[in-house]
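Visitor: Dock chain B against the given chain A, drawing on the hints supplied.
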Amino acid sequence: MAGPQLKSTDTDNSNYAGLGPWLLLPSWLVIGFFLVLPVGLMLIYSFLTKEFRGGVVWDFSPAAYDQFFFDRGLFGDSAPTIELTYISIFWRSIWQAAVATILCLLIGFPTAWFIATKTGSNRTIWLFLITIPYWVNLLIRTISMKFLIRDNGPLNELLLSIGLISEPIHMINTNFAVQLGLFYSYLPFMVLPIYASVERYNFALSEAAADLYATKWVTLTKIILPVVKPGVIAGCILVFVPSLGAFLAPDLLGGAKNFMIGSLIEEQFKGNAGNWPFGAAASMILLSMVLVILTIYARQQVKAGDR
Amino acid sequence: MHFNPNVCATAAFLALSAGTAFAEGELKLYHWFDYIPQELLDQFAAEYDVTVTMDTFDSNEAMLATLKAGKLGDYDVAFPSDYMVEIMANEGMLDTFERTELTNFENIMPQWIDVSFDPGRNSSIPYQWGSTNFAVNNAAYSGDVNTTSILFDPPEELRGQINVLDSQGELLALASMHLSIPQCTSDREQLQALNDLVQAARENWASFGSDIAKDSLVSGDALVSMIYSGQAAKARAEGADISYAFPSEGYVLFADSAVLLADAPNRDNAILFMNFLLEPENAAAVSNFAQYGSSIIGAHEFLTEELRNSPELNPPSNATGRFVQACVEDVQVVYDTIWTNLKE
Numbered sequence: 001m002a003g004p005q006l007k008s009t010d011t012d013n014s015n016y017a018g019l020g021p022w023l024l025l026p027s028w029l030v031i032g033f034f035l036v037l038p039v040g041l042m043l044i045y046s047f048l049t050k051e052f053r054g055g056v057v058w059d060f061s062p063a064a065y066d067q068f069f070f071d072r073g074l075f076g077d078s079a080p081t082i083e084l085t086y087i088s089i090f091w092r093s094i095w096q097a098a099v100a101t102i103l104c105l106l107i108g109f110p111t112a113w114f115i116a117t118k119t120g121s122n123r124t125i126w127l128f129l130i131t132i133p134y135w136v137n138l139l140i141r142t143i144s145m146k147f148l149i150r151d152n153g154p155l156n157e158l159l160l161s162i163g164l165i166s167e168p169i170h171m172i173n174t175n176f177a178v179q180l181g182l183f184y185s186y187l188p189f190m191v192l193p194i195y196a197s198v199e200r201y202n203f204a205l206s207e208a209a210a211d212l213y214a215t216k217w218v219t220l221t222k223i224i225l226p227v228v229k230p231g232v233i234a235g236c237i238l239v240f241v242p243s244l245g246a247f248l249a250p251d252l253l254g255g256a257k258n259f260m261i262g263s264l265i266e267e268q269f270k271g272n273a274g275n276w277p278f279g280a281a282a283s284m285i286l287l288s289m290v291l292v293i294l295t296i297y298a299r300q301q302v303k304a305g306d307r
Numbered sequence: 001m002h003f004n005p006n007v008c009a010t011a012a013f014l015a016l017s018a019g020t021a022f023a024e025g026e027l028k029l030y031h032w033f034d035y036i037p038q039e040l041l042d043q044f045a046a047e048y049d050v051t052v053t054m055d056t057f058d059s060n061e062a063m064l065a066t067l068k069a070g071k072l073g074d075y076d077v078a079f080p081s082d083y084m085v086e087i088m089a090n091e092g093m094l095d096t097f098e099r100t101e102l103t104n105f106e107n108i109m110p111q112w113i114d115v116s117f118d119p120g121r122n123s124s125i126p127y128q129w130g131s132t133n134f135a136v137n138n139a140a141y142s143g144d145v146n147t148t149s150i151l152f153d154p155p156e157e158l159r160g161q162i163n164v165l166d167s168q169g170e171l172l173a174l175a176s177m178h179l180s181i182p183q184c185t186s187d188r189e190q191l192q193a194l195n196d197l198v199q200a201a202r203e204n205w206a207s208f209g210s211d212i213a214k215d216s217l218v219s220g221d222a223l224v225s226m227i228y229s230g231q232a233a234k235a236r237a238e239g240a241d242i243s244y245a246f247p248s249e250g251y252v253l254f255a256d257s258a259v260l261l262a263d264a265p266n267r268d269n270a271i272l273f274m275n276f277l278l279e280p281e282n283a284a285a286v287s288n289f290a291q292y293g294s295s296i297i298g299a300h301e302f303l304t305e306e307l308r309n310s311p312e313l314n315p316p317s318n319a320t321g322r323f324v325q326a327c328v329e330d331v332q333v334v335y336d337t338i339w340t341n342l343k344e
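Order-wise, the sequence lines are chains A and B. Quick note: the first sequence uses our numbering, first residue 1, plus one each step. Quick note: the second sequence uses our numbering, first residue 1, plus one each step.
Hints were generated in silico from the structure; no laboratory data involved.
Below, in silico cross-link-like pairs of lysine to aspartate or glutamate (EDC-like), each with a Cα-Cα straight-line distance of 16 Å or less: (1) A:Lys270 <-> B:Asp336; (2) B:Lys68 <-> B:Glu91; (3) B:Lys234 <-> B:Asp211; (4) A:Lys270 <-> A:Glu51; (5) A:Lys118 <-> A:Glu199; (6) A:Lys257 <-> B:Asp211; (7) B:Lys68 <-> B:Asp263; (8) A:Lys270 <-> B:Asp58; (9) A:Lys270 <-> B:Asp211; (10) B:Lys234 <-> B:Glu305; (11) B:Lys68 <-> A:Glu51; (12) B:Lys71 <-> B:Glu91; (13) A:Lys222 <-> A:Asp211; (14) B:Lys234 <-> B:Glu306; (15) A:Lys270 <-> B:Asp55; (16) A:Lys257 <-> B:Glu344; (17) B:Lys71 <-> B:Asp263; (18) A:Lys222 <-> A:Glu207; (19) A:Lys229 <-> A:Glu199; (20) B:Lys234 <-> B:Asp34; (21) A:Lys257 <-> B:Glu203; (22) B:Lys71 <-> B:Asp55.
As the structure is a computational prediction, the values presented were derived from the model and not from experiment.
The shape of chain A in the complex, shown without the other chains:
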């Protein structure tokens, strides 16, 4: 990627001749230190043996992956059957993350559109308003959400006082609460990329479409969406991927009872059971899954680019 660019620089400015590899050193260090090293450690740890009461023993074994995919009963000596526990945790996480992504898209797209159609200083104010809640730590925002939706919290009090409901709606420690938490946590990650692409949209195209008797639906699907698609896809990835690994919302709003991938992994390192190899293996499986999804997307982009 960086190679060909560097060559062109070389011809432009011979002062840097031969320095190419050295100039790349910082990037390689960053990639090595922050990506290759931690992921490599994770890979190694996922093949080690769990030590009694946390920690690892340096005996290589696929036990962690075995635990993920096979159920050998309470005492570990029954005939192995397919383990559904962790697969269902992954499935639940994917489903929750997908719903959160769709909700963010449904709310985020009109919001981004609204902001992009404002003029200069107004636009800045609206963007500013979107980012303000995110100056506060995610943990604190998640706990605030818990205060808002509890049985005697402000939301229920409001609904009760206007007579919309006669009994508080029980939201805390439900899947709904987790969903709400995910939606709230990651909404701006949907709004901002879509805004960036809508901002570049030439609104004369919509007018032209209208002049040619296109309905609003046709204008949206045939004219607008193809243009802003990169922003929508970037937004979806930015919401889906962190939602998949989230653990604050399921812990605090879902009562830590129904695990999502993130809380499953966290429990292996910080919790009672303390099983590092298994936590590392679950992380590797999650990482591979995300990589596959992103690779499929990237390949489709390349194909689209070829056309």
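Guide: Here is chain B on its own, set in the frame of chain A:
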């Protein structure tokens, strides 16, 4: 793999300040959440010219996991419960001290010196004692609360409104008492029954959380919560209308200790702090804050009237309290599997 700038900074600081009369510098505590009054830490900091920092944990197992994950060497003093003191000692995570190092050692009540988990108190001093049971919202349930059925076979009106501690040791100990089986049993039928019991009970539980236990009772998020006795007393003080239970099947008794950690970066200050905690007035300050019992001679007279008479510190005579046991590896592996099944 593990690099800690704080330790280096502290070491450099200690080197520079060597020769001064007091052990100036730092003290790093690894403590339970909500278990020591800030004023007491401030008082120690001012008295000995020491910067005190504290991180918190919410279960013995979480603390053990963190220390094993490379944090040993960062902290000076930790506060494990009974069985965990033994586990940490066996793991080589504790340093020892001489009785002569602690001028207040004789303030410890004699029955709290020769304890099973640290006979003679070579690495630990008693901190606080209490019990781990559950509390029930009085408005929601008027029946007898003194039975473990409240957690494991709850009456209709409490189902789905129960928070349990995110703490394997205490939950499985209570479950064992409910089944009248010994803790850490190696009998396969009993272990299977234990697994089936908590699996079935899980349907009736709303959440797993330790640091949310008090808050969930006060806010009404839960009608029942497994809870430490002192937290129950605090919840009542904050307005929750609750009864703290002492189940007739048995209850979990705990005795928390302050331990001197191995590789403590500020061992001198750790000793000073442990000695400080053995002052009757300071021990009482912790009790008055945390609402647990003290094991220090002379602390009683500094306790508030309310605490001396609190139901949490005066269990009925027909209930038996037992410490959580540390299981042997074969059983612990099964316990871990039960726990993992439970928290899917």
